[in-house]
Structures are given as structure tokens and as C-alpha cells.
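With the sequences and hints as input, model every part of the structure.
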Amino acid sequence: MENVIISTNKLCKTFSNGGMQQHVLKNLDIEIYQGDFTVIMGSSGAGKSTLLYALSGMDKPTLGSIKFGENEISKLSNDKLAIFRRLNCGFVFQQIFLMDNMSILDNILVSGLLISSDRKTIAERAKVLLTQVGLTEIIWSKFPSQLSGGEAQRAAIVRALINNPKVVFADEPTGALNSSAGQAALDVLTEVNRSGQSIIMVTHDLKSARRGNRILYMRDGAIQGVCDLGSYVSGDKERHNKLQGFLNEMGW
Numbered sequence: 001m002e003n004v005i006i007s008t009n010k011l012c013k014t015f016s017n018g019g020m021q022q023h024v025l026k027n028l029d030i031e032i033y034q035g036d037f038t039v040i041m042g043s044s045g046a047g048k049s050t051l052l053y054a055l056s057g058m059d060k061p062t063l064g065s066i067k068f069g070e071n072e073i074s075k076l077s078n079d080k081l082a083i084f085r086r087l088n089c090g091f092v093f094q095q096i097f098l099m100d101n102m103s104i105l106d107n108i109l110v111s112g113l114l115i116s117s118d119r120k121t122i123a124e125r126a127k128v129l130l131t132q133v134g135l136t137e138i139i140w141s142k143f144p145s146q147l148s149g150g151e152a153q154r155a156a157i158v159r160a161l162i163n164n165p166k167v168v169f170a171d172e173p174t175g176a177l178n179s180s181a182g183q184a185a186l187d188v189l190t191e192v193n194r195s196g197q198s199i200i201m202v203t204h205d206l207k208s209a210r211r212g213n214r215i216l217y218m219r220d221g222a223i224q225g226v227c228d229l230g231s232y233v234s235g236d237k238e239r240h241n242k243l244q245g246f247l248n249e250m251g252w
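When we follow the working numbering, the leftmost residue of the sequence shown carries the number 1, and every step to the right adds one.
Hints are supplied without guarantee of correctness; some may be wrong.
What the hints assert, rightly or not - Calculated cross-link-like contacts (lysine-lysine; reagent style DSS-like; alpha-carbon spacing at most 27 Å):
#	residue 1	residue 2
1	K67	K166
2	K10	K26
3	K80	K60
4	K80	K142
5	K207	K60
6	K166	K10
7	K166	K120
8	K10	K60
9	K127	K166
Just so you know, the hints here were simulated from the structure itself, not pulled from any lab data. None of these values were measured; they are calculated from a predicted model.
As C-alpha cells, this is what we get:
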């Protein structure tokens, strides 16, 4: 039986806009499974990023509950949520948000030292991860402005992984990258998922979505459909056709 790592019950999120109520998430009951590469798709305004931020504790729901592991995070205070995210979540965004005045290695160390004072162990893990994503030692001392977009995003993925998060949350991680850099970033996410890392990714890109083993399609704040693709294999035309057929059914 699959292990559920995140579940929601009647999850709702409402925003007020000029006195009008905008219902962005509507009574969502979702289960996210440990070790899955879960992809959230849907048209613009469907609620994809809002759902991602709610599941990660970056935003609180208006109604309903979110259980992350053994913790009902929807009941935590903002301070406790911040600590919870630091210990359990890694984040990769479209904008990379590396600190310009720090080297790549130091950018990663800063994140690791938020939960551990053992600088030596954190540095050793950072160097192993950087090497695994193809960033060699000559790059570690460079500043973000000296890296290509693909290199910077791979460094950002390492930063997301440095604290051994239970889940990595990725919001359009290839959206600002060219095709080859985006492919390299997706290769890294695919490999860490194969090692057991749970990933939840929002994307509108078909090539990115193919990397997931489970697709949640959203429309108007609700889950319209789910597609199980199985493990990713490069060049699998049947996988591509299954996903394309599913998205056609969803009206994508």
C-alpha cells in the first residue's frame, strides 16, 4: 500500500478582491504519495500555485485541513510553520533567488546551517550534491551572475535538497530556462526522484509534465482528473501519447 505523505480534507482558499470573494481552491481532497513525482497542471488561474503553496505551508487555507506526515500543518502558527518548512520542505522556483553577493557554495551552506551548526558535514553534503548535478569544483566559488541560467537552477535544486527535505516543491522550475538548460534541470529532478525523493511540481509545459509519474489536472480550483504514468523512461512514445490523450480529455 502506498504511503501518503500529504493529504487534504475539504481544502478551500478564498481571496478578497475589491469586496468580491474569489474562491481559488474548492473543497479539495487530495493524497500525495511518498516517493512520487507529482505534477500539477491546468490552465492559467486554475489554482495550481495556490495549491502548491498551501501544501507546503507557505500559505494557509481559508477552510479545511492539510496533513503533512504526522502534522496537521493547517493548525500551526506562522512561526511554527516556518520551522516546519525549514525541516521538511525544499523549494525550487522559476526565479532562482540565489544571493548575488555570495558564492554558489555559500548560498547552499546558508540554507543548510539554518538547521545544523555542523558546517563541515553540511559542506561535504553540498559538495557531493553539486558534483551529482554536474557542477564541478571550479563553479563552487563563482557568484550567481557568473553562471548560466541552467547552472544557477541546478545550484538552486541543490539548495532545495541540502536539508534532506521530505518533499521538494517546484513551481515552474524550467519556465525561465532555454530548452537545453530546462532539460538539464529536469534530469536532475528525475534522478533525485529515482533515489526516493518526493517531488511536487507545478508546470504548464508538456515536456516537464512527462517527468512525473502522477498528473493532477486542475480547473477552476478543483481537481478535474488524475493520470498515472508510471516511472519516467526517456523516449517512451506510449507515455507521451497517454499524457497527451489525458490532457486533450481535460481540455488543455
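Structure-based check of all given hints:
Taking the CA atoms of K67 and K166, the gap is near 13 Å; set against the 27 Å cutoff, the hint holds. Pair hint K10 plus K26 holds up; C-alpha atoms about 7 Å apart against a cutoff of 27 Å. Annotation: proposed proximity of K80 to K60 holds, straight-line Cα distance about 12 Å (limit 27 Å). The hinted pair formed by K80 and K142 fails the criterion: a straight-line CA distance of about 34 Å is larger than 27 Å.
Distance hint between K207 and K60 is unfulfilled; the C-alpha atoms sit about 31 Å from each other, more than 27 Å. Distance check on the hinted pair: K166 and K10 sit about 23 Å apart at the alpha-carbon level, within 27 Å; holds. Proposed proximity of K166 and K120 is supported: the alpha carbons are some 22 Å apart, at most 27 Å. Of the supplied pair hints, the one linking K10 and K60 holds, its CA atoms being roughly 13 Å apart against a limit of 27 Å.
Taken as a hint, the K127 and K166 pair is honoured in the structure, with Cα atoms around 20 Å apart against an allowance of 27 Å.
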